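Visitor: Residue-level listing of the chains:
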Amino acid sequence: MQAIPNLPYVAVGTDARRCFLAYVETPFLLDCHRVSDFLDIVGLSISVSLMATAIAAAVSLPIGAALAIFPFRGRRLFVVLINAFLGLPPVVVGLALYLALSRSGPLGSLALLFTPTAMVIGQTILAVPIITALVHRASERAWARYGDELTSDGATRLQAVPQILMIIRAELVTAVLAGFGRTVSEVGAVILVGGNIRGLTRTMTTTIALQTSQGDLSLALALGAVLVGISISISATVFALAGRARTAGSDEV
Amino acid sequence: MIRFRNALALIAVFAATNASSAAEQSIVLASTTSVEASGLLATILPQFTTKTGITVNVVAQGTGKAIDTARRGDADLLLVHDPEAEQQFMNEGHGSTRRQIAWNDFIIVGPSADPAHVKGGNDSVAALKAIATSQAPFVSRGDKSGTNAAELRLWKIAGQTPDLLIKEKWYRDIGGGMGQALNAASAMDAYTLSDRGTWLSFNNKGSLIVAIDGDPRLLNRYDVIELDPQKHAGAKLAAAKVFADWLVSPEGQQAIGAYQVSGQKLFNPSAGSPK
Chain C
27 MQAIPNLPYV
37 AVGTDARRCF
47 LAYVETPFLL
57 DCHRVSDFLD
67 IVGLSISVSL
77 MATAIAAAVS
87 LPIGAALAIF
97 PFRGRRLFVV
107 LINAFLGLPP
117 VVVGLALYLA
127 LSRSGPLGSL
137 ALLFTPTAMV
147 IGQTILAVPI
157 ITALVHRASE
167 RAWARYGDEL
177 TSDGATRLQA
187 VPQILMIIRA
197 ELVTAVLAGF
207 GRTVSEVGAV
217 ILVGGNIRGL
227 TRTMTTTIAL
237 QTSQGDLSLA
247 LALGAVLVGI
257 SISISATVFA
267 LAGRARTAGS
277 DEV
Chain L
1116 MIRFRNALAL
1126 IAVFAATNAS
1136 SAAEQSIVLA
1146 STTSVEASGL
1156 LATILPQFTT
1166 KTGITVNVVA
1176 QGTGKAIDTA
1186 RRGDADLLLV
1196 HDPEAEQQFM
1206 NEGHGSTRRQ
1216 IAWNDFIIVG
1226 PSADPAHVKG
1236 GNDSVAALKA
1246 IATSQAPFVS
1256 RGDKSGTNAA
1266 ELRLWKIAGQ
1276 TPDLLIKEKW
1286 YRDIGGGMGQ
1296 ALNAASAMDA
1306 YTLSDRGTWL
1316 SFNNKGSLIV
1326 AIDGDPRLLN
1336 RYDVIELDPQ
1346 KHAGAKLAAA
1356 KVFADWLVSP
1366 EGQQAIGAYQ
1376 VSGQKLFNPS
1386 AGSPK
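Protein chains in written order, with my numbering: chain C, 27 to 279; chain L, 1116 to 1390.
The set of hints was computed from the structure by calculation and includes no laboratory data. Take these hints with a grain of salt, some might be off.
What the hints assert, rightly or not - The following label-pair restraints were derived from C-beta to C-beta distances:
1. L/L1334 <-> C/F265: 56 to 62 Å
2. L/A1373 <-> C/S130: 37 to 43 Å
3. L/T1276 <-> C/L133: 48 to 54 Å
4. L/P1230 <-> C/G255: 40 to 46 Å
5. C/A84 <-> L/R1332: 55 to 61 Å
6. L/P1230 <-> C/V117: 33 to 39 Å
7. C/S259 <-> L/G1321: 32 to 38 Å
8. L/N1206 <-> C/S259: 51 to 57 Å
9. C/S130 <-> L/V1240: 55 to 61 Å
10. C/L133 <-> L/R1214: 28 to 34 Å
11. L/E1199 <-> C/I256: 42 to 48 Å
12. C/S259 <-> L/E1199: 47 to 53 Å
What the hints assert, rightly or not - Covered by chain L, according to a simulated footprint, are these stretches of chain C (three or more residues, beta-carbon under 8 Å):
13. 118-130
14. 170-176
15. 216-223
Said to hold, decoys possible - Some chain C residues well away from chain L (every beta-carbon gap over 10 Å; in silico):
16. F111
17. T200
18. V213
19. G250
Note that this is a predicted model, so its numbers are computed, not measured. Positions of the beta carbon are idealized from the N, C-alpha and C atoms, including for glycine.
From just these sequences and the hints, can you work out the full model?
Guide: Written out as structure tokens, the structure reads:
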């Protein structure tokens, strides 16, 4: 992730280690700096979004299921809130996080502003309500149907949480992919807390915003097409893996 | 369970890639969109990093926001172009040293049809008066950037009040960066004030042409400002100073002066004789 010559892609100096990539032929990225920059940007987008989705899933799966299984005071309000947060504007999350992570803010001593970690935090906040809401909805249906059965032989509700998640595993894939879709496509939060720093926090969406502002509309659109392509590939791969895992699972049973 | 293990392995690989890049020394430079979008920093920074091992992470914002970022303590160094806002920043005690590194000029660009009949002149104030009289569309950045501040100063000299201007239909405050303003001007056949660097490297000019240039009032100065060690104890001031010193050194000045876009020099180094 070294700083390397970038937009408008002026070729100054060479970096043999990176520039072997110049031989990678892509239709609209012709010189080596473009290609290696491009790979940095795509790699960062995917790694930040995957990380955020993974953390969000780790939090949201148990919470979503528990919300369906454990009755408690204020549960209804909690569920309403989670669903309301589906529409959380990324730019508001970005701004709140910016103020919190700023050196003059409450978490300033962590020195996280303008780092990939800050972007992961922002995207996690955006993904949690989506995954939680979807998991909760699916868990509610499963609990209504299998709840008595799952607790009949003296098993506790806590023990039912993983069981419910197992029953709704097909819906979990959709929930997690919806979370990933939210994270990889948003620009408002990452540009604020990441700062769109070349080689460090520049993602596909912030690059598209930048290229549009430089009047490189065709390049921006091409990168947009790549973003869509990558999203589709990842969704398809996850679906395929999930399908195989399910088949393998049923064979064992 | 297979997919969970796969996912974990994938995440571990990405985490390792990210961690290895965070080890080197780096500073955050809050800067204006014009030095970033013009490609200047992308060209000169690798030379500096090769020499010193210090990575400069550029957060490109309008001057107003960049100064605010530094004021909050979220940057280690400032590179901006609004003399009045910079002076205020210094007066507040946030800055320790302020040095000019380069200058270029602002230009007024407009549609080639030139509804206000200002093309070819060099009097920016007369041109703005003509634009106001003919009510030809004018795009304003409206984002407290250095260019926005320069534009408002010129309107004042032209006898207009910024508060009243925003009520005019032909005056379009877009609240965006230079590129967005040029995109908007191109789409609406409007005039706008641009820095020359962004204009030359902008790729969606459409029918826009340079209407006015060469007015001494269109001077655009870029200053590097180091932060005050007492107010900004948490900032990486030593590494920031190395970069600031490099920018005004003969080597840095040479690198700035050598940068060209389509055969034209974008920035005139001026550390030795500030304008």
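Visitor: Decide, hint by hint, whether the structure agrees.
Guide: Going down the list of hints, with the structure as the test:
Restraint check, L/L1334 to C/F265: a C-beta distance of roughly 59 Å satisfies the suggested window 56 to 62 Å. A hinted range of 37 to 43 Å holds for the C-beta pair L/A1373 and C/S130, which are about 38 Å apart. Distance hint check: the CB atoms of L/T1276 and C/L133 are about 42 Å apart, inconsistent with the given range 48 to 54 Å. Distance hint check: the CB atoms of L/P1230 and C/G255 are about 43 Å apart, consistent with the given range 40 to 46 Å.
At roughly 59 Å, the beta carbons of C/A84 and L/R1332 sit within the given window of 55 to 61 Å. Checked against the hint of 33 to 39 Å, the pair L/P1230 and C/V117 passes, with Cβ atoms roughly 36 Å apart. Taking 32 to 38 Å as the suggested C-beta distance range, the pair C/S259 and L/G1321 conforms, at roughly 35 Å. At roughly 54 Å, the beta carbons of L/N1206 and C/S259 sit within the given window of 51 to 57 Å.
Against the hinted window of 55 to 61 Å, the Cβ-Cβ separation of C/S130 and L/V1240 comes to about 40 Å, which falls outside the hint. One distance hint, 28 to 34 Å for the beta-carbon pair C/L133 and L/R1214, holds here, with the actual separation near 33 Å. Hint check: L/E1199 to C/I256, Cβ distance near 45 Å, so the stated range 42 to 48 Å holds. A hinted range of 47 to 53 Å holds for the C-beta pair C/S259 and L/E1199, which are about 51 Å apart.
Under the rule that three or more residues need a Cβ within less than 8 Å of chain L, the assignment of the region 118-130 of chain C holds, with 3 such residues. Here's how the region 170-176 of chain C fares: 0 of its residues keep a CB closer than 8 Å to some CB of chain L, so the rule of at least three is not met and the hint is violated. Coverage of a stretch by a chain is defined here by at least three residues with a beta carbon nearer than 8 Å to that chain's beta carbons; for the region 216-223 of chain C and chain L the count is 3, and the condition holds. At roughly 24 Å from the closest C-beta of chain L, the C-beta of C/F111 stays outside 10 Å, upholding its exclusion from the interface.
Its beta-carbon lying about 14 Å from the closest one in chain L, C/T200 satisfies the requirement of being farther than 10 Å from that chain. Listed as outside the interface, C/V213 is consistent with that label: its C-beta sits roughly 14 Å from the nearest C-beta of chain L, beyond the 10 Å cut-off. Distance check on C/G250: its Cβ is at least 16 Å (rounded) from any Cβ of chain L, clearing the 10 Å threshold; non-interface status holds.
Checked against the numbered hints listed earlier, the structure breaks hints 3, 9, 14; every other hint is satisfied.
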